[in-house]
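Colleague: Build out the structure end to end from the sequences listed, making use of the hints.
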Amino acid sequence: MEAVIDVQGVEKMYRRRVHALRGVDLRVGSGEIFGLLGPNGAGKSTLVKVLLTVIRATKCQGTLLGSKVGDKSVLSQVGYLPEHHNFPKYLTSRQLLRHFGAMSGVQRAQRNRKADELLEVVGMRDWANAKLGSYSKGMRQRVGLAQALMNDPKLVILDEPTDGVDPIGRKDIREVLIRLKDEGRTVFLNSHLLSELEMVCDRVAIMVHGLVRQQGTIEELTDGQSGFAVRAMEPISEEVRNTVVARMGGVESVHTNDPNELVFATSDADVAQPVIDALRANGVVIRQFGFRRPSLEELFVKAVQEHPDGARPGAQRKGARS
Amino acid sequence: MILMQTKALFIDAYRELNAKKLFWISIVLSALLVVLFASIGYDEDGVSFLWMNVSFLPFRPSIVSREFFYLEILFSGIGIRFWLTWVITILALVSTAGVIPDLIASGTIETTLSKPISRTRLFLTKYCTGLMFVALQVGAFSIGSFLAIGIRGGVWEPNLFLAIPIVLALFSFLFSVSATIGMITRAAMPALLITCLLWAVIFLMNIADASLLMFKVNSEILVEQREARIVEITENTTRLIRSERNREEPGSGDGYEPSMEEIETRNQFLPQIVEGLEDDREDLRQLTFWHNLIFTVKTVLPKTVETKDLLSKHLVDPSLYPERERNQVEEPEDPNTFVIDQAETEKRMQEEMRGRSLLWVLGTSFLFEGVLVLFCLWRFNRRDF
Chain C
1 MEAVIDVQGV
11 EKMYRRRVHA
21 LRGVDLRVGS
31 GEIFGLLGPN
41 GAGKSTLVKV
51 LLTVIRATKC
61 QGTLLGSKVG
71 DKSVLSQVGY
81 LPEHHNFPKY
91 LTSRQLLRHF
101 GAMSGVQRAQ
111 RNRKADELLE
121 VVGMRDWANA
131 KLGSYSKGMR
141 QRVGLAQALM
151 NDPKLVILDE
161 PTDGVDPIGR
171 KDIREVLIRL
181 KDEGRTVFLN
191 SHLLSELEMV
201 CDRVAIMVHG
211 LVRQQGTIEE
221 LTDGQSGFAV
231 RAMEPISEEV
241 RNTVVARMGG
251 VESVHTNDPN
261 ELVFATSDAD
271 VAQPVIDALR
281 ANGVVIRQFG
291 FRRPSLEELF
301 VKAVQEHPDG
311 ARPGAQRKGA
321 RS
Chain V
1001 MILMQTKALF
1011 IDAYRELNAK
1021 KLFWISIVLS
1031 ALLVVLFASI
1041 GYDEDGVSFL
1051 WMNVSFLPFR
1061 PSIVSREFFY
1071 LEILFSGIGI
1081 RFWLTWVITI
1091 LALVSTAGVI
1101 PDLIASGTIE
1111 TTLSKPISRT
1121 RLFLTKYCTG
1131 LMFVALQVGA
1141 FSIGSFLAIG
1151 IRGGVWEPNL
1161 FLAIPIVLAL
1171 FSFLFSVSAT
1181 IGMITRAAMP
1191 ALLITCLLWA
1201 VIFLMNIADA
1211 SLLMFKVNSE
1221 ILVEQREARI
1231 VEITENTTRL
1241 IRSERNREEP
1251 GSGDGYEPSM
1261 EEIETRNQFL
1271 PQIVEGLEDD
1281 REDLRQLTFW
1291 HNLIFTVKTV
1301 LPKTVETKDL
1311 LSKHLVDPSL
1321 YPERERNQVE
1331 EPEDPNTFVI
1341 DQAETEKRMQ
1351 EEMRGRSLLW
1361 VLGTSFLFEG
1371 VLVLFCLWRF
1381 NRRDF
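Protein sequence lines correspond, in order, to chains C and V.
So the first sequence is numbered by the working numbering: it starts at 1 and just counts up by one.
So the second sequence is numbered by the working numbering: it starts at 1001 and just counts up by one.
These aren't lab readings, by the way, just hints derived from the structure by calculation.
Please note that a few of the clues may not be correct.
Unchecked claim - A few chain V residues facing chain C, derived, Cβ under 10 Å:
{"hint": "1", "residue": "Ile1011"}
{"hint": "2", "residue": "Glu1110"}
{"hint": "3", "residue": "Leu1113"}
Think of the CB as a built atom: it goes at the ideal place given N, C-alpha and C, for glycine as much as any other residue.
Modeller: Below, the structure is given as structure tokens:
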């Protein structure tokens, strides 16, 4: 798959003390919805801003849409919705869209047509001539999304696009994202709302403490952590666990923190049947049996727990323990 | 794409102005001033307002020409010196203090910088849009005044439109300060306050310059008068000594050059005048030093007053300036007493002020602005947002 974003070793250090990015490697393929997640202060927005020339990287190698990162001309093919945006309140949404369309180099006739079309798409057509100052946060977010699409971008970067948006609005935004993907555009999402990312993302990266710790499809990331789980009424003793694991032969057990649970890395229900027999033979009462894949939230929490410094808001200072 | 983006930024700036009440209040007040100009007539009887004769005002065509009255007194004096370069400039500074802080405000700058426009071009275009408030105000006012003065006064002077670049230049000097402080602090209030503070400093420097120049010119005149008096006394006393010698012994006085001591013994005032001359020369040296110092400081600052005065310089023919009557200076009885004609002082001051070159007035002011704009560009290009 052709890479839309392909960067290696991105570093950003503020005032030679605060290490916000510590060598980020990231690859986003064309036509996919890519989610970047991480705790506050992990460096997600910094990375996006580096790609968009809003922040100058201390060190950066790689390309954005085939051009060197930092090349301004390529930004005409990129749409961006920043987090906590503050668009001029004296403009109407139609004026705002036309303004940013012109700033991206969209011809007049096209931007007039596109502005109305996008306002329809984000459900703001009836508010096209109202000043942004009179909008709710969710409405501003919808207009912001439309703004990011004015130049028919090949790559759309959205930083917390559903922030302040009600459930209906979130669903609408998800539909827009899927539509963008269907049109062959690449969507790069920065979000805290893991369940939302899980619903739409083809691939995700987990960023902790200025570094991408994991990257891949959700299946790839959960590989080795998903399998058939047996849940007992009472905690399963260590002796019983060892007996059952020994009986399963080549099927690996998956580590779980739940004392009532036993998980084996297999997607084949037949292979997992002997587990039930072995547990019952040892007097264990089974409550639940089924295939279980860790949620994105579990993956995220696990990644953060493996790098405890990353859970703290704010970037790491140089010299601090990593 | 460059044109499209520039146009978009200017349209956005206009919409921002349009949304501000202050802009429209200024336009309405400017329009009222133009209406006032159109209401003022000037004929053989003097000044009239609408249908009322206000002949108590000391203006008559025999003293003040029609051109001078409309162009210098009304347009340049009231319209430019008072209205545009004080009231409108203050309102414009208030309105535009937020241009740069708003540009770099968090939540705004990210979207703008993510567009295919270089930071240098973005800043310079935004900077130019900041001048739009004054450009529109002075443009509208000049057109209105041109028509009002032309129709009512019969004076059609295209040079009146020089007010547009002159007022714009003056405002741009101040706006560069506002933009720089806005770039550093990211806030409109400090930008406005520090700009006003600098403007006040410039104002005080101008007062110091004018006052010291007046004292210096007075001192120069005094030194000249003393030197002339010394020469006069010396020559008179020498003639007297020679005639006395010729009376005592004919022919002995011709070509006789009396010594200074001899002259001083014959004229009791001369030693006092010579002593006074030394004191006056010392005063002149001191005043020249301080005036040069102020002049040097002014050289690095924007020249707001001199820029403003450029309009009068180019708008009204110097021959149209009414002649100021010279005071009849009575010769004092005491030869050690000197009287300075203030008309002469003013004339010399004006000569010196008007002698200040365009390069000094505009060149150094634009240099000041250029340095600040370069600093802003450097900071804007290096800054992370």
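Colleague: Each hint needs a verdict: does it hold in this structure or not?
Modeller: To see whether the hints hold, each was checked on the structure:
1. Here the hint on isoleucine 1011 of chain V is kept, as its CB sits about 7 Å from the closest CB of chain C, short of 10 Å.
2. Using the Cβ-Cβ criterion of 10 Å, the hint placing glutamate 1110 of chain V at the interface with chain C is satisfied: the shortest such distance is roughly 4 Å.
3. Hint status for leucine 1113 of chain V: holds, given a least beta-carbon distance of 5 Å to chain C, under 10 Å.
In this structure, every one of the numbered hints holds.
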